[in-house]
Amino acid sequence: MLDEKPLVRVEGLRVAFQTHDGPVTGVQDLSFDIRPGECLCVVGESGSGKSVSALSLLRLVEFGGGEIAQGRLLFQRAQGEVDLAKAPPAAMRDIRGNEIAMIFQEPMTALNPVFTVGEQLAEGLIVHRGLSRAQARARALDLLGEVRIPEPERRLRQYPHELSGGMRQRVVIAMAMACRPRLLICDEPTTALDVTIQAEILALIDRLKRETGMAVLFITHDMAVVAQMADRVVVMFRGNKVEEGPVGQIFQSPRENYTKALLAAVPRLGEMAGRDAPEPMRLMREGQVARPEPVVPRAPEPLLEVRNLCTRFPVKGGILRRTVAQVHAVEDVSLTVNAGETLSLVGESGCGKSTTGRSILRLVEPTSGQVSLGGRDILALDARGLRKARRDMQMIFQDPFASLDPQMRLLDQIEEPMLNYGIGNRAERRDRIAQLFDRVELPRGFMRRYPHELSGGQRQRIAIARALALNPRLIIADEAVSALDVSVQAQVLNLLMELQRELGISMLFISHDIAVVERVSHHVGVMYLGRIVEIGTRRQVFEYPQHPYTRQLMAAVPVADPRRRKTGEDLRFRPIASPIHPVGHAPAPSTYHEVAPGHLVLTEPATHG
Amino acid sequence: ERGSDGQVNVIMWQAPSTMNPYLSAGTKDIIAGSVVLEPLASFTPEGEVVPRLAAEIPSVENGGISEDLKTVIWKLQPGIKWSDGTPFTADDVAFTAEYCMNPQGGCAQLAKFEGVEKVEAVDELTVRVTFVSPRPDPFSAFVGAQSPILQKAQFQNCLGEAAPTCTEQNFNPIGTGAFVVREFRTNDVISFAANPEYRDPAKPAFATLLMKGGGDAAAAARAVLETGEFDYAWNTQLSPDVIAGMEAAGKGKNAAAFGSLVERIHVNLTDPSSSLPEGERSTIKHPHPILTDPAVRKALSMAIDRQLLTEIGYGPAGQPTCNLVPAPAAWASENTECLTQDIEAAKALLDEAGWTVGAGGIREKDGKRLTLLFQTSVNAVRQDFQALIKQWWSEIGVETELKVVDPSVFFGGDAGSPDTFQKFYADVEMYANNFEGSNPEPYLARQTCDKAPGPENQWQGENTSRYCDPEYDRLIGEMTQIVDPAERGAMGRRLNEMLTRDSNAIIPLVYRGTTSAVSNALGGVKLNAWDSELWNVADWHRVK
Amino acid sequence: MLSFALRRLLLAVPTLLFISLVIFLLLEASPGDPLGDVPLTVPPEVKERMREALGLGQAWYVRYALWLKQFFWVEPLYWFDRVFGTGFSQGMQRIISFQSRSPVFDVIAERLPQTLTVVGLSYLVGVMIALPIGIVSAYRQYSWFDQIGTFVSMVGFSLPTFFTGVVFIIVFGIKLQWFPSIYDTTHRVTDWDSFLVQLRQMAMPVAVLALYNAAQISRFMRASMLDNLRQDYVRTARAKGLSERVVVLKHVLRNSLIPVVTVIALGLPAVFGGAIITEQVFKVNGLGQLLILAIHANDMPMVMTLTFIFAVLIVSFTLIADLLYGVLDPRIRYD
Amino acid sequence: MTDRLLIEESAVNAAAPGAEALPPADPPPQAPARSQWRDIWRQFRSHRGAMLALVLFVAILLFVAVGPLVWTIDPGFVDIRARNQGFSAAHPLGTDQLGRDMLARLMAGGRVSLAVGLTAMAVALTLGSLIGIGSGYFRRLDAPLMRLTELFLALPLLPLLLLMVTLFREPLGRAMGPAGGTFLLIVGAIGITSWMQTARILRGEVLGLKEREFILAAQSIGTPAPRMILRHVLPNVISPIVVAATLGIATAIITESALSFLGLGFPPDFPTWGRLLYDAVDQMQIYPWRVVLPGLLISLTVLSVNYIGDGLRDAMDPRIRGR
Ligand SMILES: Nc1ncnc2c1ncn2[C@@H]1O[C@H](COP(=O)(O)OP(=O)(O)OP(=O)(O)O)[C@@H](O)[C@H]1O
Ligand SMILES: Nc1ncnc2c1ncn2[C@@H]1O[C@H](COP(=O)(O)OP(=O)(O)OP(=O)(O)O)[C@@H](O)[C@H]1O
Ligand SMILES: [Mg+2]
Ligand SMILES: [Mg+2]
Ligand code: NI
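Residue numbers (the numbering used here), protein chains in the order written: chain V, 575 to 1183; chain D, 468 to 1011; chain L, 45 to 379; chain U, 2 to 324.
Hint data in this document are derived by calculation from the structure and do not stem from the laboratory.
Any given hint might turn out to be false.
[As the list claims (entries may be wrong)] The list that follows gives simulated cross-link-like pairs (lysine-lysine, DSS-like), each with its CA atoms no further than 27 Å apart:
| id | chain 1 | residue 1 | chain 2 | residue 2 |
| --- | --- | --- | --- | --- |
| 1 | D | 832 | D | 752 |
| 2 | L | 294 | U | 211 |
| 3 | D | 537 | D | 548 |
| 4 | D | 718 | L | 294 |
| 5 | U | 211 | V | 962 |
| 6 | D | 814 | D | 870 |
| 7 | D | 718 | D | 1011 |
| 8 | L | 219 | D | 720 |
| 9 | L | 219 | D | 1011 |
Could you put the whole structure together from the sequences, leaning on the hints where they help?
Next comes the structure, spelled out in structure tokens:
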């Protein structure tokens, strides 16, 4: 396999962007090869030029204001070798989607909102394969099956917004694989997915690679995924390649300091075994060493108490638009968050984690249940009271870019909550903003920037600063770090923990990254189909998982070690059950068995396994 | 020969909405109706009465008019047929009177039948009209295009309340005229065809007549004078240089006919001030603070250059005038004193009357400034007049504020609107008016004290100046008794002068003709301002 | 979606009734008198008689109720009779115009064809030139095409039709003699030649109106396209190897049409309402001219009926726009 | 084995090996602190069309504002001997049919037209935005406000305007002086009869915007509705507003002249561009300049506003500003 001619040879690639402050170089002097049937992983921190390199291969940078300033992109076609950097547009159109396909980083925006999934899938097939509509449809159906989307028949007729984030990502993957490209570029394909589905997708790509000899360029920040997927690894740093080598070599004997640091910073499941309190993450850089103190709350008394929370979304239909069915997004959930402690919620995509968080804040109206924060009944408040109550509880949203107003300067965005509650005068607010910038370790000079001028990690820190501006007692962090690369992730988590330690803030931490959850939580709840199936202290849940779903989740977590790869056979894939029930449906209350003090496991109804 | 000249195209930019002149008093509708329906007698362009369906014009001499002036006998021409072939009889004439005089009908031409006691068919061809009181001038009912004869057979089910529902009849009346309606589209197009039963077998020369509505005066004139698409355009009142430019294309001419239309300024003799309570503004109760001074009114009139106004606004279609009644000749006063503008004399007059020049060149007296609000309807010529007059008045120290009102409101007579010409919530206002037929008496009679609009008569009435002179009222009362035409004329001239020269309650400006554009290819047109313009459409023919 | 439409239709009934009441009161309150056109020579007493003959003696609510009955009961019955030859509407008073004393609906039926052909066609032409101009202008933002397109459309929009129409007449009607300056509403298309005549007489009014409409729609189209061309899904479409044409005309266009649909749908009732000034300039006596004449003549029944028909159209077209929204953008939910 | 070791090693929470050799995480910010407005201005300046348009617009403003101070002929002065003149030293742009100076009339007319155009557009935009955003944002207001919009779309304009004159001309004239009263009346009349399209379009945009997450985020930090609309919604729907504004000015200038034919406009001795244009149409063949000049000024104004709007929209969008 290795002596085959490379499918792609990138030589001395340099990409420049024309910006207002002059040209900016996105990638500099980058060279690498990919052979057929090989998976090349590109890793590196945010903004290091990974996406730009991938886009250059399809010559899509040009549409984003970039330009391939130098270098050759040689691609082996049936007709012979072509330089993609100079190929005419017609040839490029023939290659795109057909011989080289790409899975984009943001699944939310990569799909056209006004066409059905089926149409978007069929398009490429019709153009490149000359299939009829019916044939293309049949093929699209197969593809959806391949990416393990439940009920593919129905999905074909659905629109992107009708799918959950994870499903959308899988549609994008199916689209890229539609024409069986010879090179598949995956730009962070699994960031939005929970571990079980991530494992399925990775297995699928791996199988295609093996079966069809497809080459894969895999971009990710998740070292565990790299370990699972890669044949060879390219490490990038600020637009340059710093190291390249086979996966084993990179993981066992990294030569460059950057690579070493990167590897070392990766949290690994199980490393907290035996410890009670959460501890800060390892950091990559010197001068950023966190105090190695575990986070031990001083007074673990309950701050947030949620009892029998239910949130249902109506599904309307019929002539009179009556509610014909309901999405039982959150079903009889009870949990308690102590002051100064962190409760994490984990579970697969669409199981109701975000909805739980939003219901507590009443950003969606819960159907029933009780929520009390520091003794105040949140659900009984009127609009004015609610606004007051929100001062004490803040949310960090799943997608930092989407949750920041693109038209507003960072300064104003952070000032806004203080303005809303009339805190301080102008000068005092400015002081506080400056302090917050220091706190989240952003240079004060960034204050006048706009969200799109920051990297993903920086944006996330702005979201955190905004949440902190009011000195809340509770922060709900919804996937606050999943989009971040290892180094930034560590910084952000450490920041949160430090704040928790200093200010006694409580946190409801929502994540699908089990390794991170292990690192930060005091307590952990595992959700499935709207219910908490298991809840307890971190040690109880991680070290003695009881519920079958919890066990499955743990098993699916990838390990950052190329020698301990999981194969598809290790994972038992099963279709996801639907949370939609007819209107009259009254689900049984959740009954728990207390296996140990504070460690509850769902017994009735049997939701899983 | 009948029908040999093909089609004649007439454009009426105000489109006719009905063919029945008894249901609409609009000139456009009367003109359209006159193509089909005919009266017993018509007015000539000179204002004389000539027989149409009547065999002769009744007079005391030929016994047609009784000695006591209370009955008129009309003799009809024998052998006339309706366009459906049935004979035209005296019954139809009597029916027409019944039709219009029906109290439920809302007849628009009721005024024509004013004072008529009854109309009877004496025999097949004789009609007797009986008046309530002696009538020196009996030529109103059945004379002129406003009161033509309807066919009894067609309209007998359309009396009273049913009148407006007879759409078919109102749009396609059977007539005795030169043409019959082929298709009627309200406010749009009417197509006519030559009447096969028309009394003169050689007429009309045209086989069809198309009457198109819509657009504006300029477009209508353009269609005749520049593109030649049409042969005749009604009411092409445009500024003289525009007309001259269009005529230069050599396709036709703009012709004018003079009737009795006079553009004038009414001076409000009562106080329109908005500080008065509603219902008392512009009523006799409160005299006007400045305009009751005759010197001021006179000065206003003297400052105007009527010659120039005519030249700019109407060209050949106008004549400067000092009279409210410019015609017929017997009634037209010799009053020409106002025709020369005299600013200096006007100033002197005001000085003499104690109006001294104050701040900003505006005259004042006893704390009252000579400031006037001058209103008129929206109309390009009137706005030019306003601008000119404003300037002249400013030269004699009178400040003028201008105001314009939408014509449909200004002339709309809505008692609820403050902007009608009758309410006259302004100091001076300008508009034009005329009288019908050739007897100005009723016209002058509308300037008496009791005809002043006010809340008690729902602001109807035409004495908009609120002119009130007992002497005038007395003379009007006397006039009804006078029979001798010469004496009547002299009396009329006296009344006219009272209103204009003596009191300046009304300041006449321009004697206006009605203008129409006529293609060079159209012959036989005789413009007529006293009757329908198409009164002689039967004589029209193509000029090769 | 269907249920949404039904619900909105049901809601439309009270809305329209309310609108009709407001229009009636507005017409009632606004100054003017149906006898405004009557020459001043007609004495006031006669005018008073005429006014009573028009039924104006009654209180406003009686007349409103009568109008409602005529509009919703008598007229439908009449047309039913016309179609099926029955006689239900015998002896019932239809809505009669003050001006012409003829049934309002007959006049409207007479006017509808020319309005629809001229104004409707111009709107169609306008939309058909506006969309490509908007699309290309946005795709090639700040190119020569865009600059010229912007220039022409802004000038086209800022010059009123009473001006452009006359310029057209002078140039093409008088100087070049290509087209007639007066529209013949009685013209019937029977063969090829008469069709050509029809085309020639429609050319100028359609061109003038189309220019005006296109100017406005193309601006909105361009703005909307610009917003959408920057979206991520465009990149995805390109990555599939679709040609630029498909990317722009399918993916971007469909998204950009969403706001433009509102503009187009809002403009459609105006098609039925006619283009008052253009109809006037070219003597196309359509509904616009009818309405303006009726207003000037204070022809209450005519104005009321026409306006109400427009109201019905407006309500239905906003509903259609809302439904189209849903068709074009599946994210929009109806609840 | 190695695996195990790695964990042990890392668990000490120290900096990772090799970290000392790495450069600091964030490069110090190079861009100096910028003010938002200066930034927008800078971007605006780089938009050639917009700058040109701005210069033109300012020139037009100066023409109508300062012009009359330099060219002091009274626009209403009738010099009957000098009527219908062509370009000359005494009357650089000729005279009209009454011998009034065209240059002076264009300057005076521009004052009125621009004032009316800009204010009426502002009124219509404000109303349209308020109602459009209100109904898009507040679900409860949606139905009533949209029905209101339909009502206004359905109302016959002419009778409405006539009614307004009847009701308000005198009271307003008394309170503000005739010119002021008329101005208010006209601006009001145009404003309340031309906001509907803007409202409908904005409602659609807001409906879409409301689904965006940053609106939810703003809610969670307790942003009250007015601030939400002002700070978050409005700036994000600027694009259709800009288009509506441009088209609105043109319509308002023309509508003003149409109003004067209802007697609703300014007194007849008050020239405005729209009226100058209308009055000259009949004489277009004889005196073409009299139509061309006001037509040109209206078009130039609308064009310049359009380009300024374009530039402003680009400048206001931080995502394109970088380019
Ligand atoms: N359209 C653009 N205009 C200007 N600069 C750009 C543009 N796109 C990317 N860049 C710059 O190019 C560099 C590389 O960006 P790229 O998107 O490849 O990062 P990445 O490695 O994919 O990061 P992430 O993990 O956050 O996706 C960054 O510094 C970014 O600022
Ligand atoms: N506004 C809504 N209307 C209808 N259904 C909704 C709505 N929001 C969420 N849901 C449904 O509720 C369920 C739970 O959604 P939620 O967003 O809470 O999932 P999650 O656990 O946060 O998933 P992820 O990991 O993908 O973020 C899903 O089935 C989703 O389809
Ligand atoms: Mg990237
Ligand atoms: Mg979520
Ligand atoms: Ni299980």
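Outcome of the hint check:
The suggested pairing of residue 832 of chain D with residue 752 of chain D holds, with an alpha-carbon distance near 22 Å, which does not exceed 27 Å. Distance hint between residue 294 of chain L and residue 211 of chain U is fulfilled; the C-alpha atoms sit about 25 Å from each other, no more than 27 Å. Restraint check for residue 537 of chain D and residue 548 of chain D: not satisfied, since their Cα atoms lie roughly 30 Å apart, outside the 27 Å limit. A threshold of 27 Å between alpha carbons decides the hint, and for residue 718 of chain D with residue 294 of chain L the separation of about 56 Å lies outside it, so the pair is violated.
For the given pair, residue 211 of chain U sits about 23 Å from residue 962 of chain V by alpha-carbon distance, which is consistent with the 27 Å threshold. With a CA separation close to 25 Å, the supplied pair residue 814 of chain D and residue 870 of chain D stays within the 27 Å bound. Distance restraint check for residue 718 of chain D and residue 1011 of chain D: the Cα-Cα separation of roughly 13 Å lies within the 27 Å cut-off, and the hinted pair is therefore satisfied. With a C-alpha separation of about 19 Å, the suggested pair residue 219 of chain L and residue 720 of chain D falls inside the 27 Å cut-off, and the hint holds.
For the given pair, residue 219 of chain L sits about 24 Å from residue 1011 of chain D by alpha-carbon distance, which is consistent with the 27 Å threshold.
The structure is inconsistent with the numbered hints 3, 4, although it conforms to all the rest.
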